[in-house]
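4 protein chains.
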Amino acid sequence: MDPRTGRSETSRLETFADGVMAIAITLLILEIDVPEAGPGRSLASALADQWPSYAAYAVSFITIGIIWVNHHHLFGVIERTTHAFLVLNVLFLMTIAALPWPTAVVAANIRDEAGRTAAAVAYGLTMTSIAIMFNAVWRYAAAGLRLLPPDVDPSELRRVHRSYLSGPITYAVATLLALWSAWLSMGIFAALAGYWLLPWSSPRIERLRSG
Amino acid sequence: MDPRTGRSETSRLETFADGVMAIAITLLILEIDVPEAGPGRSLASALADQWPSYAAYAVSFITIGIIWVNHHHLFGVIERTTHAFLVLNVLFLMTIAALPWPTAVVAANIRDEAGRTAAAVAYGLTMTSIAIMFNAVWRYAAAGLRLLPPDVDPSELRRVHRSYLSGPITYAVATLLALWSAWLSMGIFAALAGYWLLPWSSPRIERLRSG
Amino acid sequence: MDPRTGRSETSRLETFADGVMAIAITLLILEIDVPEAGPGRSLASALADQWPSYAAYAVSFITIGIIWVNHHHLFGVIERTTHAFLVLNVLFLMTIAALPWPTAVVAANIRDEAGRTAAAVAYGLTMTSIAIMFNAVWRYAAAGLRLLPPDVDPSELRRVHRSYLSGPITYAVATLLALWSAWLSMGIFAALAGYWLLPWSSPRIERLRSG
Amino acid sequence: MDPRTGRSETSRLETFADGVMAIAITLLILEIDVPEAGPGRSLASALADQWPSYAAYAVSFITIGIIWVNHHHLFGVIERTTHAFLVLNVLFLMTIAALPWPTAVVAANIRDEAGRTAAAVAYGLTMTSIAIMFNAVWRYAAAGLRLLPPDVDPSELRRVHRSYLSGPITYAVATLLALWSAWLSMGIFAALAGYWLLPWSSPRIERLRSG
Numbered sequence: 001m002d003p004r005t006g007r008s009e010t011s012r013l014e015t016f017a018d019g020v021m022a023i024a025i026t027l028l029i030l031e032i033d034v035p036e037a038g039p040g041r042s043l044a045s046a047l048a049d050q051w052p053s054y055a056a057y058a059v060s061f062i063t064i065g066i067i068w069v070n071h072h073h074l075f076g077v078i079e080r081t082t083h084a085f086l087v088l089n090v091l092f093l094m095t096i097a098a099l100p101w102p103t104a105v106v107a108a109n110i111r112d113e114a115g116r117t118a119a120a121v122a123y124g125l126t127m128t129s130i131a132i133m134f135n136a137v138w139r140y141a142a143a144g145l146r147l148l149p150p151d152v153d154p155s156e157l158r159r160v161h162r163s164y165l166s167g168p169i170t171y172a173v174a175t176l177l178a179l180w181s182a183w184l185s186m187g188i189f190a191a192l193a194g195y196w197l198l199p200w201s202s203p204r205i206e207r208l209r210s211g
Numbered sequence: 001m002d003p004r005t006g007r008s009e010t011s012r013l014e015t016f017a018d019g020v021m022a023i024a025i026t027l028l029i030l031e032i033d034v035p036e037a038g039p040g041r042s043l044a045s046a047l048a049d050q051w052p053s054y055a056a057y058a059v060s061f062i063t064i065g066i067i068w069v070n071h072h073h074l075f076g077v078i079e080r081t082t083h084a085f086l087v088l089n090v091l092f093l094m095t096i097a098a099l100p101w102p103t104a105v106v107a108a109n110i111r112d113e114a115g116r117t118a119a120a121v122a123y124g125l126t127m128t129s130i131a132i133m134f135n136a137v138w139r140y141a142a143a144g145l146r147l148l149p150p151d152v153d154p155s156e157l158r159r160v161h162r163s164y165l166s167g168p169i170t171y172a173v174a175t176l177l178a179l180w181s182a183w184l185s186m187g188i189f190a191a192l193a194g195y196w197l198l199p200w201s202s203p204r205i206e207r208l209r210s211g
Numbered sequence: 001m002d003p004r005t006g007r008s009e010t011s012r013l014e015t016f017a018d019g020v021m022a023i024a025i026t027l028l029i030l031e032i033d034v035p036e037a038g039p040g041r042s043l044a045s046a047l048a049d050q051w052p053s054y055a056a057y058a059v060s061f062i063t064i065g066i067i068w069v070n071h072h073h074l075f076g077v078i079e080r081t082t083h084a085f086l087v088l089n090v091l092f093l094m095t096i097a098a099l100p101w102p103t104a105v106v107a108a109n110i111r112d113e114a115g116r117t118a119a120a121v122a123y124g125l126t127m128t129s130i131a132i133m134f135n136a137v138w139r140y141a142a143a144g145l146r147l148l149p150p151d152v153d154p155s156e157l158r159r160v161h162r163s164y165l166s167g168p169i170t171y172a173v174a175t176l177l178a179l180w181s182a183w184l185s186m187g188i189f190a191a192l193a194g195y196w197l198l199p200w201s202s203p204r205i206e207r208l209r210s211g
Numbered sequence: 001m002d003p004r005t006g007r008s009e010t011s012r013l014e015t016f017a018d019g020v021m022a023i024a025i026t027l028l029i030l031e032i033d034v035p036e037a038g039p040g041r042s043l044a045s046a047l048a049d050q051w052p053s054y055a056a057y058a059v060s061f062i063t064i065g066i067i068w069v070n071h072h073h074l075f076g077v078i079e080r081t082t083h084a085f086l087v088l089n090v091l092f093l094m095t096i097a098a099l100p101w102p103t104a105v106v107a108a109n110i111r112d113e114a115g116r117t118a119a120a121v122a123y124g125l126t127m128t129s130i131a132i133m134f135n136a137v138w139r140y141a142a143a144g145l146r147l148l149p150p151d152v153d154p155s156e157l158r159r160v161h162r163s164y165l166s167g168p169i170t171y172a173v174a175t176l177l178a179l180w181s182a183w184l185s186m187g188i189f190a191a192l193a194g195y196w197l198l199p200w201s202s203p204r205i206e207r208l209r210s211g
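Protein chains in written order, with the numbering used here: chain A, 1 to 211; chain B, 1 to 211; chain C, 1 to 211; chain D, 1 to 211.
The set of hints was computed from the structure by calculation and includes no laboratory data. Predicted model, so just to flag it, every value in this text is computed and none were measured. Virtual Cβ for every residue (Gly too), placed ideally from N, Cα, C. Fair warning: there could be bad hints in the mix.
Derived contacts from chain D toward chain A, CB cut-off under 7 Å, selection only [what the hints assert, rightly or not]:
id	residue
1	Thr26
2	Leu47
3	Asp49
4	Leu125
5	Leu184
6	Ile188
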């Protein structure tokens, strides 16, 4: 804690990261079109036709939300910052802030046979980048307990490493599967978002400190 | 309060929730078109024609604002968080962040006889979802005083439960009424927004602690 | 200050208000078109033609910025909140969050003789509403020293009242002038934004406490 | 530190500045178009054709991110605020909040021979304005140690002055070069963004206090 301001050293980084994640998550809604009733087509059916937009909104919203929850847990154990750590977080946030765009690309193209593969790949690459950068932020902080408290349990640390590492691997595999079936790939992203919502999917990072 | 950071345990959740609600409320203005004067139509009449957009802006803005005030009161008594509680809040915020979209759908379609029913139903379903998720957040926190202080008065707790429960019921009824009259339904949403502004509509959640 | 959280009672209101003002001020840029070079027109001249958009951006940005500075000063003396005060702040923020829209309406119509009066009136009405709501927030807090510390100097309080009251009066007059000349009206809004930037234009609300 | 609120005097300014920078950085993604597959053109090639948008997104994101990191370091030594300092920060934020616009102008025009010079100049002028205002904020705070602690080392202060001053000079030169080659100019902006990411590019402002 900074004795001059009474705030923890990571406080302003958390505020900035929360801001970027809160904005990216809220901008997702802007990508959903506002249809108008026209001759020969009711508004109800126009709204129903947009279901991929709603599904993409929910999957991306939950994914960013879960990343925020995990970032929140991370900063329960990270105690300090360095210039390089701030820079790494900026690059991490760059991948999250990009998510509204592939979300819209998928929603606009998933029902078109010619476009759905490229759209799912763009979505998957963004998701994989987010997962890689999350691991980079964590590994930098954990290496040699650089930004962690000294009382961390090494075996718990290895468990958390493994748990986080499953993210980029799973997302990379789901992205590759898009080349075979875009629907399957997007289904996996949706299933993963649902899975992270479950309490037992949490890596329980707070256990690090009971070592 | 977290002795390491000097901040309450719920502080970062409140910051994130405030961020999402502040952004959703401010994005509402982007849904109002910017008309230009054209041949045979003055800008003044084009601006006047857009009145449903202004009305929808005001109703949605006040609704999110009131939800923010109530969320603020809630976290005056909620003292802790759990992983599941963070996840519930993410799902609650997902419904609030969606509101700019049905607001625009209503503004674009309310004067069109073929579209107004579907638009009002979309608006009502979003409002009802917000109210249901608000209750879910509250009930999770209150169940067995899970996240509340131990000195809560049980009879006051039942009073707050009843007060919050009136939200989803009222909004669900107003949504169903849209099938009969979209104007009536939207009028009820506007009247409810006005009612929540009144000081005596507040559930006075702070009384919980004087038990 | 709240002994439980270690934060002042107005802290979360300030965070929410800062969020809405920061978002409204940053959304202003979205209203400026992105021109492309076309046949017979260079990008340089297309960019130059858009000067009303840049001017409107600067005037609205500075106006919201100055309101933020004043809101900041206000909460240097306001110590408590009530439900009604939170509601008043929500209505105040509703007028600020609306400003990107009349800003875009003015930028799109100021060079069109048929549209500029209506555009300037829309802009002026929004500015006047902001100024009225700012006074409402302040007067509610100050009435009977409801939310102020007890050691406020009554003559200083009257001075601050007069200083803030000049806002809605000036803006209302500038709005009325738009019926005679939209350019004059917009020039006054620009001049006022410039004037508020000057250090001696500040109402020095911190003097309230040296009474 | 303010004894009444337990927060540092600059806390609310930092929150507001963080908000504006977080929003500006996150709005950048809205400027990237969402292509749809059409007859005779695959989505994959449409996505690939948009590479200037991705490059402009990355350069602007990293630039704002680095400015945020530096602003963060600045407020590690700035201890107080004045009305004029708040106003200077508002003007500084006005230049940062404008960046999504020239970013989109460059992305839309960089491959068009007729437009790329004007686009790169618009981008460069915005970058130069940001760098000038950053220096203005810093110089105001440092002049006569107005807002700095009294134990600052004068020779370190001169070193920081020189380090920050290189920003506007470099950006002004890169802007002028756009008149000769827009690609070269944009390449320099990209290279600078990459350079600031390196740990040794930091002006190490925290050394000021070890004087």
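Interface hint outcome for D/Asp49 [beta carbon to chain A under 7 Å]: Violated. Min distance 12 Å.
D/Leu184 as chain A interface residue, shortest Cβ-Cβ below 7 Å: violated (25 Å)
Interface hint compliance - D/Leu47 to chain A, C-beta minimum distance less than 7 Å: With a closest approach of 6 Å, the D/Leu47 hint holds.
Restraint satisfaction for D/Thr26 [CB to CB of chain A, less than 7 Å]: Result: holds, 4 Å to nearest chain A Cβ.
Chain A contact restraint on D/Leu125 - CB to CB distance below 7 Å: violated (24 Å)
D/Ile188 as an interface hint toward chain A, with CB separation required under 7 Å: violated (20 Å)
The structure is inconsistent with the numbered hints 3, 4, 5, 6, although it conforms to all the rest.
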